[in-house]
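Participant: Chain by chain, the residues:
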Amino acid sequence: MSGEWETVIGLEIHAQLATKSKIFSGSATAYGAEPNTQADLVDLGYPGVLPVLNAEVVRMAAKFGLAVGATINRRSVFARKNYFYPDLPKGYQISQYELPIVAGGHLDILLEDGSTKRIGITRAHLEEDAGKSQHEGVGVSTIDLNRAGTPLVEIVSEPDMRSAKEAVAYMKKIHTLVRYLGICDGNMQEGSFRCDANVSVRRRGAEKFGTRAELKNLNSFRYVEKAINLEVARQIDILEGGGTVVQETRLYDADKDETRSMRSKEEANDYRYFPDPDLLPVIIEDSFVEAVRASLPELPDDKALRFQQQHGLSPYDAGVLTASAEMAAFYESVVALVPSDPKLVANTVMGDFSASLNKDNLDIANSRVSAAQLGVLVSRIVDNTISGKIAKEVFEAMWAEGLEADAVIESRGLRQITDAGAIGAVIDAIMAANPKQLADYRSGKDKLFGFFVGQAMKATDGKANPALLNDLLKAKLAP
Amino acid sequence: MSLSSKQIEGIAHLARLELDAAEIPRYVDSLSSILGLVSELERVNTDGIAPMAHPLEGQVQRLRADAVSSPNLRQLLQANAPQVDAGLYVVPKVIE
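Going down the list, the protein sequences come from chains A and B. Going left to right, the first sequence walks through residues 60 to 538 as my numbering numbers them. Going left to right, the second sequence walks through residues 10 to 105 as my numbering numbers them.
Chain A on its own, in the form it takes in the complex (with noise of 0.2 Å):
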């Protein structure tokens, strides 16, 4: 039954902007301060103060807006969204409505099959963070408002995504674009990068969009598939059973693994929105987006497509390298070294450096091995001192112990053997052991080839330079 229908996913994305002061006070936004010392009358909310904006943040949106292909509007304007919550002392929390600072840009994905999806981006407006509630005293709520008016920047898509794959595939998009442009931590524990999901459902082929369900708060790339997919079962139980969903806000429970139902119809928000009197329309100079378009680094896709061609890479490897700069940059500083074989580093870096980093739960600042000493270990696969197979137990000790590439297999004796006269003599000995073996392949039991390379391997350590081996054998073993 589920084929029939189609599922349409819009994401908001909250990025934390990494500026060192608030949005609109100088209360700094360190991560981690004993609660409320980083909220000042401004935050507060108290009477006759005045909000002033912080040039940075601009300076981040704009960023991000060239980055995606949007339109800097010269002209935006805040507003105040109203509600009453204790986390928000004011009574409102200024964002943008009518005039964002970003508007209308794009992000292509990736998709499985390896071709790309272009998404929309409606829109990109500033806006300040609430403080933080907790609700595990007995009748009581505590509030601690460091993080109250922490700048954030909203990213709202277009309803452009078809799966929880796909969002996903956005999400993370996004999430390292501004990784790159350094104007968000990307620390998802934290709560630096948070998502909602508009998702919702139709009969395929309908042009209609269904009634949508928000889910709220998603904190991890997991969450957000489990969540999305969750809700989309949910919804098409509802549609076949003959009912109808309901527009509501929804809140994934990652412990019960189910969305529920945050807030009831008759609650129906009422933001009443209004430009802050306390703000003037921001006004942007076209030599101001200038100068931004002109700090831009390489931004993901192209630094993607140069790996592509450049170092040949396909383009789902080229992908993965670049997803985050420091990994980028790591395989960069590694085919320095190895400008011979930008493929064999790739696989390297990617295979047993990101399993080891993500074994251990590190990330590439503090890795244990560098790119120097990996770019050492590579080299000595190209030069032909090791194999691809021995290479492995060299990084293995590299990483635990710390060595150097070239003392690992100095002391354990790693070195490969490429002398013709020893690995033909040791095939010799293999031969003249199994004279059944040796008779039934030139009988035509081709399979035995295999036989013959693992004893070889074996009577050697597996030291034995592959290639070299298998030239051997074939003349060797040659009726």
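Simulated from the structure, these hints should not be mistaken for laboratory data. A couple of the hints might just be wrong.
Said to hold, decoys possible - Chain A regions said to be covered by chain B (calculated; three or more residues, Cβ under 8 Å): (1) 86-99; (2) 108-118; (3) 137-147; (4) 278-289.
To be verified - No more than 30 Å apart at the CA atoms, straight line, and that leaves these computed lysine-lysine pairs for DSSO-like: (5) B:Lys15 / A:Lys140; (6) B:Lys102 / A:Lys191; (7) A:Lys535 / A:Lys448; (8) A:Lys522 / A:Lys535; (9) A:Lys224 / A:Lys315; (10) A:Lys402 / A:Lys517; (11) B:Lys102 / A:Lys149; (12) B:Lys15 / A:Lys149; (13) A:Lys176 / A:Lys275; (14) A:Lys79 / A:Lys362; (15) A:Lys418 / A:Lys315; (16) A:Lys448 / A:Lys418; (17) A:Lys176 / A:Lys140; (18) A:Lys315 / B:Lys102; (19) A:Lys533 / A:Lys504; (20) B:Lys102 / A:Lys275; (21) A:Lys522 / A:Lys533; (22) A:Lys495 / A:Lys522; (23) A:Lys451 / A:Lys517; (24) A:Lys140 / B:Lys102; (25) A:Lys275 / A:Lys315.
Ideal placement from N, C-alpha and C gives every residue a C-beta, glycine not left out.
Position chain B against the provided structure of chain A, taking the given hints into account.
Facilitator: Using the frame of chain A, we list chain B on its own:
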């Protein structure tokens, strides 16, 4: 311009004000009359005039440099709070 009782109740809810049933007709009258006064403005011809976001439009929003300038005033500010605990503001529970 006349507001209904239901609209008055809605506005009161948004403002988190509790109104007696007896008070509602009074607010229907007084708020409707305020809106009536403001609606006089609708008689002005505004064809071709771009909406303004601010009476001082034409002036530009000033920006400040991204620098931390506020000291930690927690002790002073929390002296105004009815209840604090371990540096946190304590309020009646807001979710079930």
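Participant: Looking at the structure, which of the earlier hints fail to hold?
Facilitator: 4 and 17
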